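*Asks:* For reference, the chains in residue letters:
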Amino acid sequence: MKKIKSPEELEQFRSEIQAGRNPKTPCIAICAGTGCLALGSDKIIDAFKEEISKQGLDTDVATIRETGCPGFCEQGPIVVIYPEEICYLRVAEKDVPEIISKTVINKEVIERLAYKDPTSNKRIIKNFDIPFYKKQKRYIIGNNINIDPRSIEDYIATDGYSALSKVLFNMSQENVIEEVTKANLRGRGGGGFPTGLKWKATRKAKGKPKYLICNANEGDPGAFNDRAVLEGTPHSVLEGMVIGSYGIGCHEGYIYVQNEYPLAVENITIAIEKARELGLLGKDIMGSGFDFDVVIVRGGGAFVCGEETALISSIEGRSGEPRARYVFPAERGLYNKPTNINNVETWANIPLIINKGAEWYRSIGTENSKGTKIFALVGKINNTGLVEIPMGITLREIVYDIGGGIPKGRKFKAVQVGGPSGGCIPESHLDLPVDFDALSEVGLMIGGMIVMDDLTCMVDVALYFIKFLEEESCGKCTPCREGVHQMRLILERITEGNGKKEDLETIECMGKAIIDGSLCGLGGTAPNPVLTTLRYFRDEYEAHIKEKRCPAGVCKALTT
Amino acid sequence: MAEMVTLTIDGREINAPAGTTILEAATDANIYIPHLCSNEELAPYGACRLCMVEITQGERARLVASCIFEVADGLEVETNTERVLNVRKLVIELLLARNNKHPALRKIADELGVKETRFPVEQKGCILCGQCVRTCREVVGVSAIGFSGRGITRKVATPFMEFPPDCIACGSCVYVCPVQFIPMKEENGVRTIKGFDYPMQKCSKCGRYFAPKKQLEYFSKITNLPLEHFETCVGCR
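Which chain is which? The protein sequence lines are L and B, in order. Residue numbering for the first sequence follows this note's numbering, starting at 1 and increasing by one per position. Residue numbering for the second sequence follows this note's numbering, starting at 1001 and increasing by one per position.
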């Protein structure tokens, strides 16, 4: 491939790609994200290929696109037929010949494969008419179904790398940081720290070289939003990183991703290679004279390595143990040099902000939380999947309007937001908006969402998270290592019917001390699942302890 | 001369060189802050969390480990607030659950008014302060031992739990351990540390067993002096 040497050459390349594509040519987009692959979409892809060659169809009659996750995982494997955008769900291998002959060739809709609205019982044909998608604002993952993540041409055809071009040739480094600061983008990893401030601090910090890191160590049970971004639109992450490196003034970047995400690793590796080939990464990017390159570091999958300082230790080749954070990585990070770390989704927001401008970006969301947020919506919910919503919509809208409510007509009981560092809230808090500050007030972080129905025991849920954290604690500091362990023993005792009346007070008191005393964010948030369930579902704990009864009928020792 | 900063600890105005930790500044001013993992010979580590103090910088009050946090002008430090004591009490109770016998731990517990731990005691002895591992790495320079496992399964261990090939039997780990968990004895020309045997060198002059052979080999290696030079004890040299 020829290297792109100027903005004009990028635009020319874009026009060439677009000219070579007829938007009216039928295209069969099949989700090849991890969720649909697990449901057998690889076999469906093969079946389509086989059927196309069996019928001897030319590429102007039908092409296949293997895409990232469009989001509606509950109904996978997902197939969308273009240009009509006919969406077929739960597609099986046996449906393939019929889809080709009826829909692709003869433009007939196969009703039985289309989404059936559970309230009206009507079939919904077009992809984005499905209620699951309607309240979403899919600026980051919306493109997933439109592009093959392994094709840089697909990304460029849909305006990819135009933000980079704009930055390198029309913006000063200060302008870039200013734009991101003005957009008020806040860290999507959960902390919500203003990205612009972080960049500015790293830019101002003394010391060279400076480093840039993409934190793709997504370890929360039930969360797969970062994975889906990295798998489905790796070039937006990469483009965001190059833009960031230009603003900050650094030339070396790392993507730290756990090895349990093989497809994400594969897709981002291909993306890096392709971007390098085209001169969009590496030396003299687009002929601008600016250099930046990226290395992938694969983690062993320790949850604690999502913590910035543990992640840095891990990249340095040490065991993933956090360090005291009294000096920020922006001052002394990787190899003790100024380092800027942002989460996958944060990076993916950057091209959007540059392309559409801070003013536009600020129009989405609430006063202090701008833009959209991607959630993995899981648990006892009808529409399990990946959702991207504008900040500010309520949890109720996510659970009922997008998520379609609770399956089998059961009652909503709680939603766990923010993974093991977050907490559980009851129905009475469902009208809270998705907003960093509003959620943190009730003990939640922004992160994955796990919905629970009335058959869920909240003590059991707290125990589940505490067990997870006990296993994932690195063991360096006493409150986290020993405190979480002791908390697990107490919770276990309660679920076994051996709770003591002073247990709840002990848990509350030690919870506070663990939060105050722990070395890093893992310990500093570890008691949250316990403290929030205790705050909102205290009667359930008391039933376990005083009446030796599990109201939800989950704890085995208390149900016989 | 290092630049001096002025801070207050428990209301007392204190001058300390920039770059020192709160714990060091407090110790120099005779203000006691309990600690177990801190050692002035080792790099700040901040693992035991006994030395937590409450600091106020501007509007914000928060808890920090005094063995790591560096002094700054205008910093206000409180060493005995309710929040601080709540953390310290929990930490000592948690450590007592690993070792409820050692006098050093009992003494700190007494100071904090903790009579017994609320938690079930599982005598493990070691409190994982990491002084042995860090001394071996930072002071001795051999890294013969390290940590294995994580979370509650974390342990000080030799590589693959086998005889540590890099250990020079210097006994520094034994010496720094605040709870005397690592046993060492010398008998019939053999030093035994935690069950591993290391032969001792007999002094070429007086015939006394005076140092582990591996330690002398290490000295010879790092000083580039012939091994024979070290085969005589200091008294006879």
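These are calculated hints, taken from the structure and not from any lab test. If you're wondering where the values come from, they're calculated on a predicted model, not measured in any experiment. Honestly, I wouldn't trust all of these hints.
[Unchecked claim] Lysine-lysine pairs mimicking DSS-like chemistry, simulated, CA-CA at most 25 angstroms apart: (1) L/K94 x L/K122; (2) L/K356 x L/K166; (3) L/K411 x L/K2; (4) B/K1089 x L/K467; (5) L/K408 x L/K556; (6) L/K24 x L/K182; (7) B/K1089 x L/K501; (8) L/K283 x L/K137; (9) L/K166 x L/K200; (10) B/K1185 x B/K1205; (11) B/K1202 x B/K1155; (12) B/K1221 x B/K1155; (13) B/K1107 x L/K500; (14) B/K1115 x L/K512; (15) L/K337 x L/K356; (16) B/K1155 x L/K467; (17) L/K107 x L/K122; (18) L/K501 x B/K1115; (19) L/K467 x L/K135; (20) L/K3 x L/K283; (21) L/K467 x B/K1107; (22) B/K1089 x L/K512; (23) L/K500 x L/K556; (24) B/K1107 x B/K1124; (25) B/K1185 x L/K500; (26) L/K5 x L/K24; (27) L/K137 x L/K208.
[Claimed, not checked] Selected chain B positions facing chain L (Cβ under 8 angstroms, derived; list incomplete): (28) L1042; (29) A1043; (30) G1046; (31) R1083; (32) G1141; (33) K1213.
In this text, a Cβ means the ideal position worked out from N, Cα and C, and glycines have one as well.
*Asks:* Hint by hint, where does the structure go against what was stated? Just the numbers, ascending.
*Replies:* 3, 6, 8, 11, 12, 13, 15, 19, 21, 25, 26, 27, 28, 29, 32, 33
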